[in-house]
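Chemist: This is what each chain is made of:
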Amino acid sequence: MRHRKSSALAAAAAALALAIAACGSSDSTSTSSSSSKNEASAPGITPTQVTVGGHFALTGPAAPGYSSIPAAIEAYFKYVNANGGINGRRLKLIARDDGYNPTNTVAVTKRLVLQDKIFAMVGGLGTPTHTKVVDFLNASKVPDLFVSSGCLCWDQPEKYPQTFGFLPDYLIEGKILGQYIAQHFKGKKVAYFVQNDDVGIDGTKGLDMEIPKSQVVTRQTYEPGNTDIGPQMAKIKASGAEVVAMFTIPAYTALVELAGLKLNYHPQLVSSSIGSDPTTLAGLLKAFSKGKAPTALIDGIQTSAPLPATTDTSNSWTALFKKIHDQYLPKLPYDGNVQYGLAVGYTFAQALQAAGRNPTREGIVEALQTKKLTGPGLTPFRFSEESHAGLTGVQLAEIKGGVLVPRGKPLTTDDGDGAITPYDTAQPQAPANGVPPAT
Amino acid sequence: MTGVARVTLARNLAIAAAAGVGLWVLTSTVSAYANVQIATMAYYFVAVAGLTVLTGQNGQVSLGHGALMAVGAYATAKIGEAVTWPLAAVLAAAALLTAIAGLLVGAAAARLRGPYLAGATLALAVGLPALATRFSDFLGASNGLTVAPPIPPASLGATFPLERWQAWIACAGALIAYVLLANLMRSGYGRAFRAVRDDEIAAQLAGYHVARTQVVAFVVSAACAGLAGGLLAVVTSVAAPGAFTLTLSVALLTGVILGGLGSLAGAVWGAAALVLLPSWSDDLSGALSLSSNVQANLALAFYGLVLIAVILVAPHGLQGALGKAIGRMWDQRRRGRAPRKEEEE
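Just so you know, the protein sequences line up as chains A and B, in that order. For the first sequence, position 113 (counting from the first letter as 1) is numbered 113 according to our numbering, and the numbering increases by one without interruption. Adding 439 to a residue's 1-based position in the second sequence gives its number in our numbering.
One chain only, chain B, in its complex shape:
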């Protein structure tokens, strides 16, 4: 391991550890319902982070990540039912299985560009959840599969709330995904991803194997979607096709763009938006006592408005805008302080 790599790894681990401590404090103080929301944000983060690497770093648009989450969720349900492995092993196996599915899709995707790629992955999002109906005896049709909720270890005490335990599991998954993805982005693979994104011919001339790089990016991204799906199944105790509609795939992409394309920090914003926007729009329509049909669609309209606003005001997403604002503040402070410093001297 080179010195640079060691520094990167140490830094990412330190950030994850700090975030872990923060989340531990947060989950221990907030209400049970907030813990449910934290768990939901955590699994959305994993999916959005995986997609932001694919789309932002490697330039491949996928409208099929909702379907890949379905693979992860169903794999978790089926594996959990069949064997008595620890949950971590079940989730890892689900991520692995989804990565294999991603390999198949990615191999096809590497031959497609732009709108064709979006179209192919769109077909995946529409078609794959229908398999649950086709093989209804095995996959439970629209009824779905029930996933036994994880039991908090006895060492945490008999009254340890299930919601907090689920939040911990989901956050642990999110932190692991963060460390792995952050390292990957700073590695040779990450550079290859970006080289291929920016100019395929130039990348090829520089010795990168374009198709292979694209497949690797898709597999990594699929594994994240699989883990996210598995965490979803664990948190909601159900794997049913109704969770993995086209809307989910679009929502994930929305999260990526809201947060800032290609940024893992942006994925945090994106995931938070995916959880909070529907909740806020529900409260709003409840407060205005709007009809249920309006209420059901208001969240989508909300997404649309926020997306338009973000693209107009902050084309690099919330994270980009925040980075810029902080940068500007920093500059001003330096500029403001500099003359005074001279005076003091």
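With the rest of the complex left out, here is chain A:
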């Protein structure tokens, strides 16, 4: 008898619970017009506000360093809002934490698109994570702008018309770092240590195009989340490698340094830009070793940078971003991640400005493809109808005295076997008021 009652209640209970979960919604489908009045021209856009969102690693293995990226995007948005917004609209970012866990990425992205009704995704972070939502975002026709990852996979305008990269892809960076290794460490034994996903696959492809096969003595990978890299490092040491080329997130660059300390093994490290921010690395070393490891350990790491150096205040972009940082993000150190977030924020504001007074989702994609935006990047974007690839190259750099010191001209290349050439065009000046001008 009791059982019958309880079973009958099941349906009622389900309905009640689900009704609580359900929230009313209505899809706004207004058409765009070129009138001079602000309209709710697209989902996430009202006459007074533009709401965008992103999935970020606020916790988990990729959080150290990367967690400041959404804070920096938001800081730029606050700055723009304080200066009148874009066409009178305030910019709002909803940053949701996926912990660098692909399954969570799916959940938070659905929430952003279906519940928060974002206009676009901006700066969605990570390769293993974002690959799980790129189909959904494109099927939902949501602009998927400036993915925070250098995977080649974002550059497929036929398959993913909504998705645009930002960083130079890992293949380009691999080629440039590979050439550096081939030229400066001729004949020396080289080991690879890369993340076991598209980050490592694309990066390795680039390295292999420049470094002679005979020089590469071992290829090791790691799983983000598993912090025990002892076995891989032991193999690298046993191989006698004098140079270790890495495509790693910051936590694993730091772990390599610490493992080297433990094994008394100090090869020359050559790290991709995604894992070489000095401030982040110094903080990680301190945290992982409970303050025991000297932070000078990171000095001498060879790397590359897609944006101007954070210490070069003679660069108009660095000066602008430093000013915004000091005002809106004083609690975080001004490092490469903050700079990257500010650059993404600026570029989104620029794209929104270029899409006109009443932007639509198609409009912003169109603007990015045709308007040839330039800005904080040392090299230009490759955006066109045929390409959604991010920046064209990087500048070589070395960590000295705890800061990134760039050298030479920025280098550019392509994703094929094209040559690596210095980029001579001067970077445009940052706008005086820091807000992208109307085009």
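Source of the hints: derived by calculation from the structure; they are not laboratory data. Keep in mind it's a predicted model, so treat the numbers as computed, not measured. Just so you know, even glycine gets a beta-carbon here, dropped at the ideal spot from N, CA and C. Do not rely on the hints blindly, as some may be mistaken.
[To be verified] Calculated Cβ distances over 12 Å to all of chain B for the following chain A residues: (1) S67; (2) G230; (3) K290; (4) S384.
[Stated by the list, open to error] Sample of chain A residues facing chain B (criterion: CB under 7 Å; computed from the structure): (5) E39; (6) N101; (7) P102; (8) T103; (9) V106; (10) L114; (11) P128; (12) K132; (13) N196; (14) D197; (15) T218; (16) R219.
Given the coordinates of chain A, work out where chain B should sit on it, guided by the hints.
Modeler: This is chain B only, laid out in the frame that chain A set:
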């Protein structure tokens, strides 16, 4: 089929049909995001219901059901990739494969009791997802496998939302699991489960084969976990080890206890709690603008608090408390009405 069995089957089918109609109306009216949540609740229900049969009806504690869900999810991804079967067949095959995995685990589990059983299944939860990394070429390491989202049939119209279709698939799975489990619980097997749970020696004297009964319970429960994992893969379009951490296994057990141990109706509550509590705690920490580290852990703290509260206030879970409250109301009404009735007479 005896008369009693026929009545049981008819009743369970009727409940499932009524719930199906209710869900159909609900999924057709609510927003796309609510449909995602409904789909999530539906696959959690399947897993929690399977676990509640194992733990509540048969007395075996499993901390490894998250790993069994992983088996189901990866099986769905791999089978879906290899053959062009209809989705229902893929999911059935995934459930079957997980049942086979459950047979192996169950055979070992039947020799273990209490904390040892929990420990062994805990090892499963920790160890099994690591296989994805060990066989990274086949299972895609932490990157996981991408599962093609199901395409709504053309007969539903070109603009039929994918989220609603996924919710329908997950709810259909949940209703089928409900009917099968509800019948099983009322059958001879169900009685055997409970007899073994209450007193193994007495059950043995009554002619039940204890170990075999326990293995059967584990296999049934594993098949449910496999189906749940398969539905998860279909709804989220991904099978990756990050989804099947120890936290998931613990969360499933939490769902069982929150809802009411051994009750299928309670599994509905448990599944709803697993979806809504994290969502609410997110909103709360967002409203209070807490730091992301606090935010990430608040859901777990929330689980803990709710669990403590439920155990203290309603030891038989939400379903038990609800049943009791309704029973009391019923009694009062009868008592209140009875004298008046006499007066009227």
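Chemist: Please go over all the hints and tell whether each is borne out by the structure.
Modeler: Quick rundown of the hints versus the structure:
1. S67: 7 Å, violated
2. G230: 15 Å, holds
3. K290: Fine: 18 Å to the nearest Cβ keeps A/K290 off the interface.
4. S384: 28 Å, holds
5. E39: Since chain B brings no Cβ nearer than about 23 Å to A/E39, farther than 7 Å, the hint is violated.
6. N101: Since the shortest Cβ distance to chain B is 4 Å, the answer is holds.
7. P102: Status holds, d = 4 Å.
8. T103: The hint holds - A/T103 has a Cβ within 7 Å of chain B, the shortest such distance being about 4 Å.
9. V106: Where the cut-off is 7 Å and the nearest Cβ of chain B is about 4 Å from A/V106, the hint holds.
10. L114: 4 Å, holds
11. P128: 5 Å, holds
12. K132: Hint holds; A/K132 Cβ to chain B Cβ min 5 Å, cut 7 Å.
13. N196: 5 Å, holds
14. D197: 4 Å, holds
15. T218: At about 17 Å, which exceeds the 7 Å cut-off, the nearest Cβ of chain B leaves the hint on A/T218 violated.
16. R219: 13 Å, violated
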